[in-house]
Amino acid sequence: MSSEPKFFEQPAGGVVGKPMDRVDGRAKVTGAARYSAEFALPGLTYAVLVTSAMANAKVSLDTTQAEKAPGVLAVYTHLNIPPLAVLPNSPDKPKGWSPPMKYMPLSNNEVQYANQPIAVVIADALERAQHAATLVKVSYQAAEPIASFEDPKAKLFDPQAIQDGKTAGHTVRGNPKEALAQSAVQHKATYTHAINHHNPLEPAATTAFWEGNRLTVYDATQGITRTQTSLAATFGLAREQVRVITQYLGGGFGCKGSCWPHTVLAAQVARGVGRPVKLVLTRPQMFTSVGHREDQTQTLQVGATKEGKLTALIHEKTSTTSPWDNYAESNSKIIGMLYACPNFEASYQLARANVMPSTFMRAPGEAPGSFAIESSLDDIAYQLGIDPIEIRLRNYAEKDSNDGKAWSSKSLKECYARGAELFGWSKRNPKPGQTRDGRYLVGMGMATASYPVHSSQGTARVRLFADGRAVVQSGATDLGTGTYTVMTQTSADVLGLPPDRIRFELGDTTLPTAPNSGGSVAAGTVSSSIFVAAQDVWRKVKELARADSKSPLYRAKMDDIIVEGGTLMLKKDRSKAEPFAAILERARLTDIESTGMGRYGAGFEGDDKTTDQNSQPKTYSMHSFGAHFCEVRVDPELGTVRVTRWVGVHGAGRILNAKTARSQMIGGAIFGIGAALMEATERDQNFARYVNADLAGYHVPVQADIPDMTIEFVDEKDPYINAMGVKGIGELGMVGVAAAVANAVYHATGKRIRSLPITPDKLLGTAATV
Amino acid sequence: MHPDTFDPTAGGPPPEQRPDDGSRRTFIKQASGILGLAVAPPFISQAEKLAAYTGKVEGATEMKLKVNGSIRTLRLEPRVTLLDALRENLNLTGSKKGCDQGQCGACTVLVDGRRVNSCLTLAITTQGKEITTIEGLAKGEELHPMQAAFLKHDGFQCGYCTPGQICSAVACVQEGHTKNDAEIREWMSGNLCRCGAYPNIVAAIKEVAGKGDGKS
Amino acid sequence: MNNFAFQTAASAKQATGAFRDDKQAAYLAGGTTLLDLMKLNVLQPSQLVDINSLPYRGITETPDGLRIGAMERMSDVGENALVMQQYPAISESLLLAASPQLRNMASIGGNLLQRTRCGYFRDTAFPCNKRQPGSGCPAINGENRNHAILGTSDQCIATYPGDLAVALIALDAVLHLESAKGKARRVPLLDFYLTPGNTPQRETTLEPGELITAVTVPAAEHARKSKYLKVRDRASYAFALVSAAVGLDVQGGTIRSARVALGSVGTKPWRAQAAEQLLVGKAATEANFRAAAALALQGARPHKHNAFKVELAQNTLVRALQDVAG
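Protein chains in written order, with numbering that gives the first Met the number 0: chain A, 0 to 769; chain B, 0 to 215; chain C, 0 to 325.
Because the hints were derived from the structure by calculation, they are not lab data. Heads up, some of the hints might be wrong.
Derived pair list, reagent style SDA-like, types lysine to any residue, alpha-carbon separation capped at 25 Å [to be verified]:
{"#": "1", "chain 1": "A", "residue 1": "K305", "chain 2": "A", "residue 2": "V184"}
{"#": "2", "chain 1": "B", "residue 1": "K205", "chain 2": "A", "residue 2": "T76"}
{"#": "3", "chain 1": "A", "residue 1": "K761", "chain 2": "C", "residue 2": "A299"}
{"#": "4", "chain 1": "A", "residue 1": "K101", "chain 2": "A", "residue 2": "D150"}
{"#": "5", "chain 1": "C", "residue 1": "K38", "chain 2": "A", "residue 2": "T76"}
{"#": "6", "chain 1": "A", "residue 1": "K716", "chain 2": "A", "residue 2": "A419"}
{"#": "7", "chain 1": "B", "residue 1": "K178", "chain 2": "C", "residue 2": "Q85"}
{"#": "8", "chain 1": "C", "residue 1": "K303", "chain 2": "A", "residue 2": "D707"}
{"#": "9", "chain 1": "B", "residue 1": "K55", "chain 2": "C", "residue 2": "Q23"}
{"#": "10", "chain 1": "A", "residue 1": "K332", "chain 2": "A", "residue 2": "R751"}
{"#": "11", "chain 1": "C", "residue 1": "K303", "chain 2": "A", "residue 2": "A419"}
{"#": "12", "chain 1": "A", "residue 1": "K165", "chain 2": "A", "residue 2": "T191"}
{"#": "13", "chain 1": "A", "residue 1": "K67", "chain 2": "C", "residue 2": "S45"}
{"#": "14", "chain 1": "B", "residue 1": "K55", "chain 2": "C", "residue 2": "S10"}
Please model the complete structure; the sequences and the hints are all you need to start from.
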């Protein structure tokens, strides 16, 4: 039994949590950072996809003209593309491989969604490939497509499970129907959410090349291991025959969290032409290649007492899914856990349509789910004359209603209080439609944020050099979240070195495996892995010292040795001390190395482990929580809404870098403001094809939409999450944002908009309603 | 072909390629001899002699682009955009392709000191003009004040829109569109940032504009 | 993009000459519309003739008013002191358009020839009567939130999306053109744009090979007291849902002359002369502005998703008129 601590305690003068500049910042501001489409490989060729005009068809292709075009090396269709070892819908597909799409384009002559790839053109220059792609002649044998769950041709069904089997299609707790019927307050409302697309600024890109049976891809992915596993499975290779590299990633937000068909196609055609191939999706192709947030409608029935205490929640969601999967965001999870409510029911309905699968998009389920519950609760607050914060406090959940577990930590009350103070909530006129600033109606709204800590494991390798440097590695990715930086800070503190002596490497499958950077798990898992690996490094150094007769720590007990700032010493006699470098030098070791596995969420047993009455380790419900406060100015005649102030206060465990964390929370709020006010992909209901698939038609917020924002974190020490006490913040900042905006719009205008985005057309006539 | 694999003797900051300042020509170009970089670099003195091309051009043709102060000779088809010329033919990948349709601003470069979208600019039309990309802003190791301010204020996350934001911001200051936050926001609205670094970008620009050292 | 031929025109003669030899040629000015549509394969000119060297420059005050060379850039005109002071609606329409980068690129002549943003027109996978006459108009029964409510036909409901033309058409601008044969002519902007009718592919009266050389705008009190108001889904860098360009000459509370035009509601920049006539001689009151706005939208034919534009356009018009009336 060693004395290594199980939970990170910040050393004096440590850098964890400090607002350190990004270590990869210099590469990014000078243009030196290389993203996946930016490696000038010798003999590089360019692939361009030919995609289907129709959404439901069989195709035959004439590639003669395209093949003759200057610079063209090959044109692949379903007839001549190098075959795959296994298809994602094969019954014999390998276990553990969960492709995001159970259908592989170019595996036959079928088209199942608009813009599905039907051919790939490879040429020696990008312009030549692009032009040749327009020369492929396509004949369609088309059938009428189904466009969405609202299409009269669509057939609704009740799925056993959604989200690739992760969530039950129907859940009941207590007796919600009866409870609702007996409730003094009964509130029923339907919410709709437009199709949203992630639209990271970096389009999906794959640069692939083969050396014999070894495949290397530079891929824009949030999960190099998942991409490696997928490519290995599809090509019938061992994992170690596939190398995936993602040194820099230009955002992802979920759409780069899976290995989508375009990556497989790039590798396929690279094998075919025998040269490196670069495939970069066009912006319009980004709308039909990497998933989206599905079109959906939610009906939420709420029962409450006259005091505003929740008695029943019944949630139904209907959404569109692809021809092959049962994907839907699990909106109901947050609805069932956010507040104390004894009776709860959730059910999902799906309809298959000729669309590609939807996928996780920042705060999948939590974002639209919170829009429903946080809007309904706001309604009830106004109806009963209760302050919106007060009604949330009256329904404050002391434990997780979904599973009855205690919280590992929860600082939500502090978030409400501090947020209200920063925002000046008490100065708000509680009546809607009463606050004016010139021709604008001013509104203030708030909402709760929460996101679960998903269970996750990862590994990291720490190599400590005798000269006081260290290389730390983990196959994670940094999609802008600051992984390079926060892991450098973590490494510095756990090794007692200054951060400029640390080199943290990520984004290569030759490094120790880390989980996908998604679901807010990366920061906690990887930092904990580094912590565990560093403990093991110190264990090894201690062993060396104990066995070294020249060391002042010779024959000391393991438990008596502590490490501070890279110096080993006796706990009880600090004069018996020696820097690690001296120990390594005498042992003639240039370096010492260890790998560690960090556990995150369920499975971690910290120092403060407690047991329940049956002496079993007590498990906790683990979530981050926060509160958003939003001020809007609505022009009632023109229907425009501008967010003019924003305050967010959050409790998310240990914050690894105050600067990057603040940025990430601001980014989450802006992402949510986009969904709230402007983001909508419009799918033509006759053609099942998008009509605004570009960044002029699909509006994401621009600089002028966004005010300065105030973000704070509540100090939170949570020893149950993982060794670093990090909950992760990637999604949290977005949850509840749309509701906070909608609640502010209601407060401004007296008009409740339940259909996102809240565009001017939906707000016209507000002048008359107040 | 692979980037550096694990080097146990290496230390220091994380891997970082040196920016290609436009003068290095050590990289290997694609196998096709028809297009791309021509063999002989011209003398710098030719810079002043660049003249508009008036004859009719069909197919690949030689063109001279003055990028970050040095003349680069390329053999390209007229349809090649400035952005693709930079990224695919000059290995200057700092300028980013976010939409290729003038809808995101990630490709923003300065042409004769004015910010433009290089994705909607044909390379052939920029002959005889001064092209400045993100790689041309720093003086050696010394960052341009705008680059330093972006770093300090965390004016980016993923970094993909960043080169365009910085080029745009440099021009925004030079244009004098920095009277207040609202003006900065409006005049920086041609550069989308999906990570949501907008408030931090405003802070960075304010700092540079306030010091009056954004001007070159 | 197809592998087009390219030449830089040193003179108008060279430019129009290229056109005589090659009917599929296109002029390249700023390129912000042309290259965009070429990348989408909507346009496939066989040759691009770069006209940026042509001497159609200058933003000058003439005895009659304002003269803007067609090759001037949107940004330069938008921030020109003369334009800002004497023709604020023109300046505002330019500075509220696109982005600083695009405004640095796009020419005035090119901007006036901007094409519709109709998603069906821009995506060659869809039928579109404007792009491919006779193929059909899926917008009529499709996603038509951004489409026109005025000047539509059963062939086409695509919106004219630009800003500058709305301000110019309100202020009686005149286009100066030079034909392929070197003949100069002038066309009031009001007569330049066409409604789709049965030929939605024809958008203007510009002849093949004809060049826009300049735009002139008469000086007037209603130009000095003019405004361009743009409503859009986000605060900047977006096409208008609805816009209004108005000018008022109010003397002693009575309107002596009025100019009213609407953007993004019509298949062309929409001048509302009936509304102007209604205002002349009346008091500058909200009631009169409302009446004028109602008249301006008379005959609007909304489709499934764009009915809101009727109310929004009226409110926008009223707001703009209130703003210029002070």
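I'd like to know which numbered hints this structure contradicts. Please list them from smallest to largest.
2, 8 and 11
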